[in-house]
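Residue numbers (this note's numbering), protein chains in the order written: chain C, 1 to 517; chain Z, 1001 to 1492; chain E, 2001 to 2099.
Everything labelled a hint here was simulated from the structure, so no lab data went into it.
Be aware that one or more of the hints could be misleading.
Some chain Z residues close to chain C (C-beta under 7 Å, calculated; not the full set) [stated by the list, open to error]:
| # | residue |
| --- | --- |
| 1 | Val1133 |
| 2 | Val1140 |
| 3 | Met1148 |
| 4 | Glu1152 |
| 5 | Asp1153 |
| 6 | Val1155 |
| 7 | Thr1159 |
| 8 | Ile1163 |
| 9 | Ala1167 |
| 10 | Leu1170 |
| 11 | Ala1174 |
| 12 | Val1177 |
| 13 | Ala1178 |
| 14 | Val1181 |
| 15 | Pro1185 |
| 16 | Ile1351 |
Some but not every residue of chain Z turned toward chain C, in silico, with C-beta under 10 Å [what the hints assert, rightly or not]:
| # | residue |
| --- | --- |
| 17 | Gly1054 |
| 18 | Val1058 |
| 19 | Trp1063 |
| 20 | Ser1065 |
| 21 | Glu1066 |
| 22 | Gly1074 |
| 23 | Leu1107 |
| 24 | Phe1134 |
| 25 | Phe1135 |
| 26 | Gly1150 |
| 27 | Val1162 |
| 28 | Leu1213 |
| 29 | Val1408 |
| 30 | Ile1411 |
| 31 | Leu1472 |
| 32 | Arg1474 |
By construction, the Cβ of each residue, glycine as well, lies at the ideal position given by its N, Cα and C atoms.
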Amino acid sequence: MTTLLIAAAKAPVIDYKGISPLFAVAGGAVIVLMAALIRGRFAQRVLVPFLTVGALGAAIGLSIWNWHTGDSRPIVEGALAIDPLALGLSLLFYITGLATVAFAWRSRALRESGTGEFFGLMLGSIAGMTILGSAENLITLFVGIELLSIPLYVMCASDVRRETSLESGLKYLVIGSVGSATLLYGLALIYGATGHTGFAEINNAIGNSVNLTDPLLLTGIALAAAGLAFKASVAPFHAWTPDVYEGAPTPVTAFMAVATKTAAFAVILRFFLEALVSAQEQWAPALAALAVITIIVGNVGAIAQNSLKRMLAWSGVAQAGYMLAGVVVGTQLGLQATAFYLAMYLFMNLAAFGVVIARERVSEHGDGLKSLEGLGSASPLLAWPMTIAMLSLAGFPATAGFIGKFYLISAAVDGNWAWLGVMIVVGSMLSLVYYLRVIAVMWMTPLKIELPGRPRRARREVQPVAGWSPEADPRAQPEVLLVTLIMAAATIFFGIVPSPLFHLAHDVGTSISALFS
Amino acid sequence: MTIYLSIILFLPGVAGMLALLVPRRLAGWTLVTGTLLTLAYTIVMLARFKIGGGMQFVTDDNWISELGIRYHLGVDGLNLFLVILTALLWVPASIAAALREWDRPRLFMMFMGLSETAVLGAFMAQDLALFVVFFDLMLVPFYFLVGMWGGEDRVYATTKLVIYTLAGSLLMLAAAVALGVMATPAGGHISFSLATLAQHPLSGGSQYWLFILFAVAFLVKAPAFPLHGWMPDAYREAPLPVILVFSAVVSKVGVYGFLRIVLPVLPQASVHFQELMLAIAVVSILYGSILAFSQDEARLVLGYSSVAQLGFIILGIFSLDPKGGQGAVMQMINHGLVTAPLFLIIGYLAIRAQGRDSLDWMGGMALRAPVLAGVFLIVALATLAMPGSANFVGELYILFGTFQSKIVYGIVASAGVVLAAVYMIRFYQRAMHNPVGPQVESRDLALGPELGVIAPLVLVILALGVYPNFLLHRINAFAPTANDRTEVSVIK
Amino acid sequence: MNVTWYLVLSAFIFAMGAAGVLTRRNPLVVLLCLELMLNAGNLALIAFSRMWGNADGQIFALVVMVVAACEVVVGLGIIVGIFRRRIPEDVDALSELRG
Chain C
1 MTTLLIAAAK
11 APVIDYKGIS
21 PLFAVAGGAV
31 IVLMAALIRG
41 RFAQRVLVPF
51 LTVGALGAAI
61 GLSIWNWHTG
71 DSRPIVEGAL
81 AIDPLALGLS
91 LLFYITGLAT
101 VAFAWRSRAL
111 RESGTGEFFG
121 LMLGSIAGMT
131 ILGSAENLIT
141 LFVGIELLSI
151 PLYVMCASDV
161 RRETSLESGL
171 KYLVIGSVGS
181 ATLLYGLALI
191 YGATGHTGFA
201 EINNAIGNSV
211 NLTDPLLLTG
221 IALAAAGLAF
231 KASVAPFHAW
241 TPDVYEGAPT
251 PVTAFMAVAT
261 KTAAFAVILR
271 FFLEALVSAQ
281 EQWAPALAAL
291 AVITIIVGNV
301 GAIAQNSLKR
311 MLAWSGVAQA
321 GYMLAGVVVG
331 TQLGLQATAF
341 YLAMYLFMNL
351 AAFGVVIARE
361 RVSEHGDGLK
371 SLEGLGSASP
381 LLAWPMTIAM
391 LSLAGFPATA
401 GFIGKFYLIS
411 AAVDGNWAWL
421 GVMIVVGSML
431 SLVYYLRVIA
441 VMWMTPLKIE
451 LPGRPRRARR
461 EVQPVAGWSP
471 EADPRAQPEV
481 LLVTLIMAAA
491 TIFFGIVPSP
501 LFHLAHDVGT
511 SISALFS
Chain Z
1001 MTIYLSIILF
1011 LPGVAGMLAL
1021 LVPRRLAGWT
1031 LVTGTLLTLA
1041 YTIVMLARFK
1051 IGGGMQFVTD
1061 DNWISELGIR
1071 YHLGVDGLNL
1081 FLVILTALLW
1091 VPASIAAALR
1101 EWDRPRLFMM
1111 FMGLSETAVL
1121 GAFMAQDLAL
1131 FVVFFDLMLV
1141 PFYFLVGMWG
1151 GEDRVYATTK
1161 LVIYTLAGSL
1171 LMLAAAVALG
1181 VMATPAGGHI
1191 SFSLATLAQH
1201 PLSGGSQYWL
1211 FILFAVAFLV
1221 KAPAFPLHGW
1231 MPDAYREAPL
1241 PVILVFSAVV
1251 SKVGVYGFLR
1261 IVLPVLPQAS
1271 VHFQELMLAI
1281 AVVSILYGSI
1291 LAFSQDEARL
1301 VLGYSSVAQL
1311 GFIILGIFSL
1321 DPKGGQGAVM
1331 QMINHGLVTA
1341 PLFLIIGYLA
1351 IRAQGRDSLD
1361 WMGGMALRAP
1371 VLAGVFLIVA
1381 LATLAMPGSA
1391 NFVGELYILF
1401 GTFQSKIVYG
1411 IVASAGVVLA
1421 AVYMIRFYQR
1431 AMHNPVGPQV
1441 ESRDLALGPE
1451 LGVIAPLVLV
1461 ILALGVYPNF
1471 LLHRINAFAP
1481 TANDRTEVSV
1491 IK
Chain E
2001 MNVTWYLVLS
2011 AFIFAMGAAG
2021 VLTRRNPLVV
2031 LLCLELMLNA
2041 GNLALIAFSR
2051 MWGNADGQIF
2061 ALVVMVVAAC
2071 EVVVGLGIIV
2081 GIFRRRIPED
2091 VDALSELRG
């Protein structure tokens, strides 16, 4: 009882500068909801998206303003702290949010659910991610993860007149809640074993007052890991991913695939490397096994897919496996490599999803692989970003994906997990089958056979393509095209000049000082 | 005048990019100009090359310092002629391409240019990670070149090609990263420089598994016997200019990797696995020769003959003898030089046989096309290593080296020389002398577009046959020397 | 008072909830079972809070209650949405036949 009184008397110290990005996003959510009450086309089509972009832009600016190297700085004492890891990953959330605004602008989900509601929920979810990234405490961790997930359940179901969208929302809700409940139970057991909810205190307690083989602690870690694995779609807790990704409106899928996964890894990194690093020898082999299963299951699962969204979902599972390998290593290098890969993952996936979105709106094949048929000659502006994204995901050099894999492998070898590095490579080999198929469909589908001696002029006509029509021109959706091109350009740029991102990754690596350098 | 290797490296790629911007009719000739300029520049480089001067024209800059990857290019006796060969053979390939009509020609020319840049990069890289980058990068243009402009089954062929080779090179990626990280002393900055890696050999155990990963990547590329599954499909489906450079140049990148990376960096493992590699080489020679004899498709005759010829090169390399190594390098050049005109000839034959390149459709052209027949004969004789050709010298060196170290393999491999004569003569005979094939149009080589392309190559073959020492002197400057070998045996 | 019994009970409730989520087909029942799982966590938290003599667990439990309520609201909303989607389906179909 006395502790309660003392706690009440001592109000937590709040660093308003440090918390400002969170205020920008959360406040933005409220403003966006309010602004959406204004009727009229202008408010709905222009003002609300503009305010959303403004909030995200402000958050990006404030995060950069707060950037500092070195150890974490508390912003709400004992609950939230910022460090380069938190700030760097929040930048990724905000960028994904910006891309999602562009992706969603013309989508049916936006019309169905209301602009303000959609963007308000998205900002709410991003606020949850921001909290998650800077959580220092089991309670804030849980609040963050729920604030992230609950708006997402609604966003998945936001295309309210399409049954698959509602189904995907409900499915995500049920599975996500199972994950949350498992996580919660795990957190409760960890609290029970150590008596603390703060990450630093837990880490101190483990190995000192708490035995490393304490069954309560180990069960807690296992359950928490399972709960987080649900969120990050790590096998064998990935089964929901393809269904939910396929059913959700594609802009939401893109948001989930990138931002949610990044957030899940943010918390995995922080939770395992900050709160549980003393028990690394206990959890590392288990996570390594999960990583291997995830790499294999994800890549094998992707091979048989004909829907691009499902394929990207499975590929996301596989990519989660690669990144998990970086967590397993448990060194600063591993942390840097994982953070770096997350950034690369954002670029290549958003480029791919941009193409899927642009195509599914005009093609009779929806998000099927066939919707890309002949894209190479019909609209190279979309075919090139997709090609770059696929090559990058497969890990070809001169793309961001190659550098990311290179970094992960070198971190793995450096931390004496060389065989995990080899597993990453084996996974990449499997992944060639389905990534290359996408490229083949775009560029190598049957063309008219050239007859020798045919006049030159005659070949200038546009090749007829399934579903091809003037409206299918990607320039009709400039905002999607723009984001896609930017992301593809970034994929190439950071594949050739990765140094700027390495500096950021290096800062991120210094966030958690408990790690071996 | 200083030689900048970066110019050699990027000139073709830039020309390819330019081809994307010019009008369609000019795309091909833009690329040809680019390749010609590259060739001219490499010849200047050859003139400036100092015999026995070690690594020359070095460019060494930081690229990605955080990962220890340096942009480190250099030329020495080992890769000098391979660079020139690359620059040389892309010229006829791009001329042949420019003379043909393509669907989407600008894209084709761009990929041709990019592929030359990637191959040159792989040959000139002196940093293991940079080598891996170019080695993998090479596949991207070839994936598109085969997949977009190939024959009926092109998608299947190109997917198989890329999956086979990239599977190998991804393993190599893991091995290269592991090598770099493990060779770095604790606390030191990671380095992939080949020279540094060669100075700090790893302990035996890790050398062995790294060797296997590297060897798989290089053997797939060659291709050598058990890993050649992609070869028939790719050779059958690829457009002619593409398969020309692929067979003549790209297949050398793998075996070059053995000499540049595996032998210096993993010496102990090289000795350990010597017998295995020799066995693979010998089996490749016999298997390739026998299958080359039984093929009806002209391209596959050359495909399987490549398997055999590259078997010879691997044999020379893993004789771990200076003479053998020198012969291997020489044979890489020779094989490239004879393969390119042979593919051109197949193209000419196919034009005369109603577009079919099956041997059944050819025949009886010699009488009415004497120049074509003459050129073909010269190249065929060079391929089967007739005394007086540079190939003869190369194979002699290889066998000589093998006899010195492992006599049994040498004896078996000698049979390969005989078999080569058999399949090449059969190829020549069926195309030129047999009864006239159905619908064969025996017209001789057109002076400009046909003879003009092939004649310079034939002249180079003849010149090297007369004066092989031109090659030998310069190659001499770099081959595993007797010194290296004793070092190797000391470690053993 | 020994904390073990509370733990046993909470584990039992958690297992019951998990089993329900896996086996039940009715979405409402599944939501109920989710509540069971979350509340099992709450029970454990409160028991541990008592054992350690600090308030962290109780605060945690309060937060979880709020979260659980949110989840149920969203879940029910989606379920209602699905049911509503089923009823006017015919009306929609009719509207497509016009003109």
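Structure-based check of all given hints:
1. The closest approach between the C-beta of Val1133(Z) and any C-beta of chain C is roughly 4 Å, which is under the 7 Å cut-off, so the hint is satisfied.
2. Taken as an interface hint, Val1140(Z) checks out: its beta carbon lies about 6 Å from the nearest beta carbon of chain C, inside 7 Å.
3. For Met1148(Z), the shortest C-beta to C-beta distance to chain C is roughly 5 Å, which falls under 7 Å, so the interface hint holds.
4. With a least beta-carbon distance of about 9 Å to chain C, the hint placing Glu1152(Z) at the interface is violated under the 7 Å criterion.
5. The criterion of a C-beta within 7 Å of any C-beta in chain C is not met by Asp1153(Z), whose closest approach is roughly 11 Å, and the hint is violated.
6. Interface restraint check for Val1155(Z): the shortest CB-CB distance to chain C comes to about 5 Å, inside 7 Å, so the restraint holds.
7. The interface hint given for Thr1159(Z) holds, since its Cβ lies 6 Å from the closest Cβ of chain C, which is under the 7 Å cut-off.
8. The restraint placing Ile1163(Z) at the interface with chain C holds, with a minimum CB-CB distance near 5 Å, inside the 7 Å limit.
9. For Ala1167(Z), the interface hint holds, since its Cβ comes within 7 Å of a Cβ in chain C; the closest pair sits about 5 Å apart.
10. Annotation: Leu1170(Z) was flagged as interfacial toward chain C, and the flag holds, the nearest CB pair being 5 Å apart, inside 7 Å.
11. Among the interface hints, the one on Ala1174(Z) holds; its C-beta lies about 4 Å from the nearest C-beta in chain C, closer than the 7 Å criterion.
12. Because the closest C-beta pair between Val1177(Z) and chain C is about 5 Å apart, less than 7 Å, the hint holds.
13. Hint status for Ala1178(Z) relative to chain C: holds, with the closest Cβ pair at about 5 Å, below 7 Å.
14. Hint status for Val1181(Z) relative to chain C: holds, with the closest Cβ pair at about 4 Å, below 7 Å.
15. For Pro1185(Z), the interface hint is violated, the least distance from its beta-carbon to any beta-carbon of chain C being 13 Å, above 7 Å.
16. At about 9 Å, the closest approach between the beta carbon of Ile1351(Z) and any beta carbon in chain C exceeds 7 Å, and the interface hint on this residue is violated.
17. For Gly1054(Z), the interface hint is violated, the least distance from its beta-carbon to any beta-carbon of chain C being 28 Å, above 10 Å.
18. Checking Val1058(Z) against chain C: minimum C-beta separation of about 22 Å lies over 10 Å; hint violated.
19. Interface restraint check for Trp1063(Z): the shortest CB-CB distance to chain C comes to about 9 Å, inside 10 Å, so the restraint holds.
20. The beta carbon of Ser1065(Z) comes within 7 Å of a beta carbon in chain C, closer than 10 Å, and the hint placing it at the interface holds.
21. Interface restraint check: Glu1066(Z) against chain C, minimum CB-CB distance 4 Å, threshold 10 Å, status holds.
22. Checking Gly1074(Z) against chain C: minimum C-beta separation of about 20 Å lies over 10 Å; hint violated.
23. At about 8 Å, the closest approach between the beta carbon of Leu1107(Z) and any beta carbon in chain C falls short of 10 Å, and the interface hint on this residue holds.
24. Interface hint at Phe1134(Z): satisfied, since its Cβ lies 8 Å from the closest Cβ of chain C, which is below the 10 Å cut-off.
25. Interface restraint check: Phe1135(Z) against chain C, minimum CB-CB distance 8 Å, threshold 10 Å, status holds.
26. Interface restraint check: Gly1150(Z) against chain C, minimum CB-CB distance 9 Å, threshold 10 Å, status holds.
27. Taking 10 Å as the C-beta cut-off, the interface hint given for Val1162(Z) holds, the closest approach to chain C being about 6 Å.
28. Hint on Leu1213(Z) holds. Least Cβ distance to chain C is approximately 8 Å, under the 10 Å limit.
29. A hinted interface residue such as Val1408(Z) counts as satisfied when its beta carbon comes closer than 10 Å to some beta carbon of chain C; here the least separation is about 35 Å, so the hint is violated.
30. A hinted interface residue such as Ile1411(Z) counts as satisfied when its beta carbon comes closer than 10 Å to some beta carbon of chain C; here the least separation is about 39 Å, so the hint is violated.
31. Against a cut-off of 10 Å between C-beta atoms, the interface hint on Leu1472(Z) is violated, since the closest Cβ of chain C lies about 35 Å away.
32. A least Cβ separation of about 31 Å between Arg1474(Z) and chain C goes past the 10 Å threshold, and the interface hint is therefore violated.
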